[in-house]
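**Q** Chains as they are written, first to last, in the working numbering: chain A, 1 to 361; chain B, 1001 to 1361.
In short, the hints are calculated from the structure, not lab data. It is possible that some hints are incorrect.
Which stretches of chain B does chain A cover? Using the computed rule of at least three CB atoms under 8 Å from a CB of chain A, they are [stated by the list, open to error]: (1) 1318-1324; (2) 1328-1338; (3) 1343-1353.
Think of the CB as a built atom: it goes at the ideal place given N, C-alpha and C, for glycine as much as any other residue.
2 protein chains.
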Amino acid sequence: MRHVHAVILAGGSGTRFWPASRRLMPKQLLPLAGATDEPLIAATVRRIESLVPPERVWVSTGAHLVAGTAAALPRVPAAHMLAEPVARNTAPAIAWASATIARSDPDAVIAILPADHFIGDEPAFREVLSRALRSAEEGWLTTIGIVPTRPETGYGYIEVGASVGDRVNAATRFVEKPTRERAAEYLAGGKHLWNAGMFFFRASAMREAIGEHLPALAAGLDRIDAAAAAGKEAEVLAEVFPTLPSISIDHGVMEKARRIAVVPGSFGWNDVGSWEVTWEMSERDAQGNALPVGTIAVDAKNNLVKDLSKTARSKRWALVGVSDLVVVETDDAVLVIPRDRAQDVRAVVDALAARGEEDKL
Amino acid sequence: MRHVHAVILAGGSGTRFWPASRRLMPKQLLPLAGATDEPLIAATVRRIESLVPPERVWVSTGAHLVAGTAAALPRVPAAHMLAEPVARNTAPAIAWASATIARSDPDAVIAILPADHFIGDEPAFREVLSRALRSAEEGWLTTIGIVPTRPETGYGYIEVGASVGDRVNAATRFVEKPTRERAAEYLAGGKHLWNAGMFFFRASAMREAIGEHLPALAAGLDRIDAAAAAGKEAEVLAEVFPTLPSISIDHGVMEKARRIAVVPGSFGWNDVGSWEVTWEMSERDAQGNALPVGTIAVDAKNNLVKDLSKTARSKRWALVGVSDLVVVETDDAVLVIPRDRAQDVRAVVDALAARGEEDKL
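So that you can see chain A by itself, here it is in the shape it has in the complex (with noise of 0.2 Å):
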């Protein structure tokens, strides 16, 4: 059988969890999910483990952000830390990336997973991961697609095709985020699923897709696998990276390449996109509040509190006839906000950034 590897995107800032997520300290670098204290990157690498062992993971990230990456994942080899150039979107990196691996492994098959998604049910994602492999191997490029519980505008959705093999489908279109109508109508007909920016295929087959639908970015390819080849990747990255088209594997393959595969999931699977979202994914007591331990709740309901701050097991919280707040403290910072705002953290973001207070952001 074909070595499955896997590539974990994690070039994300993720402003929405300020002062929480910084510059150097992302979203996928926090414990966001309840009550654990492991990053959700860790998570990502972990739940994947018995499909895919830690030395075939690969990260995907930016330069500013290998070391802190490479803390929360010991186990994955310093050599598989991918470190962009610039930023330019998810075709670029995951072309680099699967070149990378298929230069030591030609055969392989690569699962691409975002790194700061919430997998609630494990098993019945290792499950649903499995199907897409085998879907891969078979040349398929192919998606997971969850199943959608609610008419999500801030999602995009894939049109569910014919059957082309165990609980696994032709994926028929790629679909924007629609108007509320449009996913009200998507989620009663049950052909659509959401797009999760889960990835599977075989190297060669993806190289083949983007030599067809992007030249450009093949070409690139092409020029960094022949400095790799001279030892001189570093460099040639440095001069290429920065020119390869600035799209989506979406947009760029997944829309365009015949023999596309989705494979349906239901496992709990939320893309953890604000504090609101912490809130509902957080362990609550009986009055909807997630709040430190020992905090002492008068009137209080459906807060969450988090207290990151180093001093946050010494400190004692209170509060008294507030409800739906979102609190965040960092040794550096304090966020107050309405759960139902907590959107409008990118405002925060904006100002300190319009301030020039580097260090805050």
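Got chain A sorted already, so can you dock chain B onto it with the hints?
**A** Using the frame of chain A, we list chain B on its own:
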């Protein structure tokens, strides 16, 4: 002219300012008056300095508070820290302090001042204070009555009688905290002033009044005086003080004695009763917020954030979409409470006590 001495009543526990206030750091030791770093008790001593120099200031407090109090008042003699063995309300505190002063200065005129109030117009206060001291020198047991500005039900009132001097009146009655209706009548009638707990008297006049109205207290004072003459005050104080009647000077003396005078005053007085009051007293921005320097506020109105932690200067607060909230942070605790529930901080302190969390009290 007789010497004027001041006795600062500083026995309060101040649970209403948790988490800033603690058993060893009560309200009077905190800088609660707006933007200043000056503890309330230091302001109390500073603002009377031109009338009563620090070397004639005495402080009535609890034994556990002597160290912190002395640190806040470096210019007050250490021997002037009068540590009560147990708290027995204001009559024993004032009586013992007055007796102590009278031993070395039998002709003393004494001003009794609460340690933990705020005064906005200090020159106006000093003018009223001077008038009260003159009245005391003439033999009256004198108090200051604050001209009411609202139908407050949280204070006692003093009924004003005939004029007995230049802007000094006889006090005809001391009234307990009134009902809402009664307080409105007082405000409309113009014959009632707020009792701010400030008293002025000759040491000899107070001793005489105590002898008449609180004979048990007078007998205790005689024993303490005799012990002091024999060099055994501490020992006898520990034995006698707990047996003294626990009663306020208002109830025990002022309501019963003859020749009680009141000096009306308007000088921006505030008893700093809660975090709500701290917000009122603070400098606020155009949106009504009183926030740490540099705070990012987006759609945030009428909030108070008080960061008293060691890391406050390097910490960035961000408030988005919250109004009328109080957030107070210290090194080991954080309180989040709506402004209009600020009085309910007591519930937190009660919960901590019930749990036995001594280090947070």
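**Q** Would you mind marking each hint as holding or not holding in the structure?
**A** Hint-by-hint comparison with the structure:
no., hint, verdict
1, 1318-1324, "holds (count 5)"
2, 1328-1338, "holds (count 9)"
3, 1343-1353, "holds (count 6)"
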